[in-house]
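Engineer: Here are the chains, one letter per residue:
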Amino acid sequence: MTSDLVFWVIARSSGVACLAALSISMLTGMAMRSDVLTWLSRNRGIRLLHDFTNWLWIPLGALHVAALVADSTAQIRLLDLYVPFGVPYARLQLGLGTFSLLLLTIVAVSTWLRRWMQHRDWVTMHRLSYLGFAAAFAHSLLSGTDLADPRVAIPAWTIAAVLGLFAVTRLASYVMQETPGT
Amino acid sequence: MTTPPPVRRRARSARALKILASLVTFFTFGGMTAFAAANIQNPAAPLKPPVSDSEPTATPAPTRTAVPRQRLTSAVPITSVQPLTRTHRS
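If you read the sequences in order, they're chains Z and D. Each residue of the first sequence is one higher than the last, beginning at 1 in the numbering used here. Each residue of the second sequence is one higher than the last, beginning at 1001 in the numbering used here.
Keep in mind that the hints are not guaranteed to be accurate.
Unchecked claim - From the derived model, a few chain Z residues whose C-beta atoms are all more than 12 angstroms from chain D: (1) Leu79; (2) Thr105; (3) Val109; (4) Gln118; (5) His119; (6) Arg127.
To be verified - To give an idea of the interface, some chain Z residues facing chain D are shown, with a C-beta separation under 8 angstroms as derived from the structure: (7) Leu48; (8) Leu56; (9) Ile58; (10) Leu60; (11) Tyr82; (12) Ala148.
Derived by calculation from the structure, the hints in this document are not laboratory data. Cβ coordinates follow ideal geometry from the N, Cα and C atoms, glycine included.
With the hints as constraints, model all of the structure from the sequences given.
Structural biologist: This is the structure we're talking about:
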């Protein structure tokens, strides 16, 4: 197996594993307010798990990006990690990956700077994680080699559907709280 | 049997959840590595990076050049210099 193929395999596996870790992060983040995981643990346990998931998805995301840059077949330049939609081919599909990388970096950095930030600013930045995860999932779907395979696609879609349902439920409860007279 | 205090129980629960999340992630990583290594190419993959447009160049066939045969001399040459040391004889 050539070095390019090794990088290619690492990029694929770390990408899917990063998406799995991000799904756990999103699930635990949404569960803190909606009490959907109270059967599993109390809110504090869920909160600790949510904080811990940074140690899972950040290294895997970094490995995914590094392997793609090292793989000459993928033709990803260092500039493409900062500037979305600049790759010579499949601009949208790969640009979504860069876009999610930027958004999730903002979320992670703002989390570490939380104690020096206004709560409202932090919440606004933290909500970018919804967009970041949606972009990451779209990137996996449109450009991922493995999500084209039903053995990987079915679990991925199931998790995405559960997360989507949680997000809609949470949004609905938020709207009902904000609407006067309800 | 005594039940552990709630704080310790919660801490243990959080640790178990972290271990569970780590296992899920690393099993996904390991499983996907094995899967990707076994399925290097997926015909249904949405992206296929373009290959270089330049024509592939043929590797030149190895050629043999005449190399003069190497001559080996005897390993220990005989010298005419008088010996400096003596071998002990019992």
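Engineer: Indicate, hint by hint, whether the structure satisfies it.
Structural biologist: Hint-by-hint comparison with the structure:
1. Leu79: It holds; leucine 79 (chain Z) is separated from chain D by about 17 angstroms at its closest Cβ, greater than 12 angstroms.
2. Thr105: Answer for threonine 105 (chain Z): holds, closest chain D Cβ roughly 19 angstroms.
3. Val109: holds (22 angstroms)
4. Gln118: holds (28 angstroms)
5. His119: holds (24 angstroms)
6. Arg127: It holds; arginine 127 (chain Z) is separated from chain D by about 22 angstroms at its closest Cβ, greater than 12 angstroms.
7. Leu48: Holds. Min distance 4 angstroms.
8. Leu56: With a closest approach of 5 angstroms, the leucine 56 (chain Z) hint holds.
9. Ile58: Violated, about 12 angstroms.
10. Leu60: Holds: closest Cβ of chain D sits about 7 angstroms from leucine 60 (chain Z), inside 8 angstroms.
11. Tyr82: It is violated, given that the least Cβ distance between tyrosine 82 (chain Z) and chain D is near 20 angstroms, above 8 angstroms.
12. Ala148: holds (4 angstroms)
Hints 9, 11 from the earlier list are contradicted by this structure; the remaining hints agree with it.
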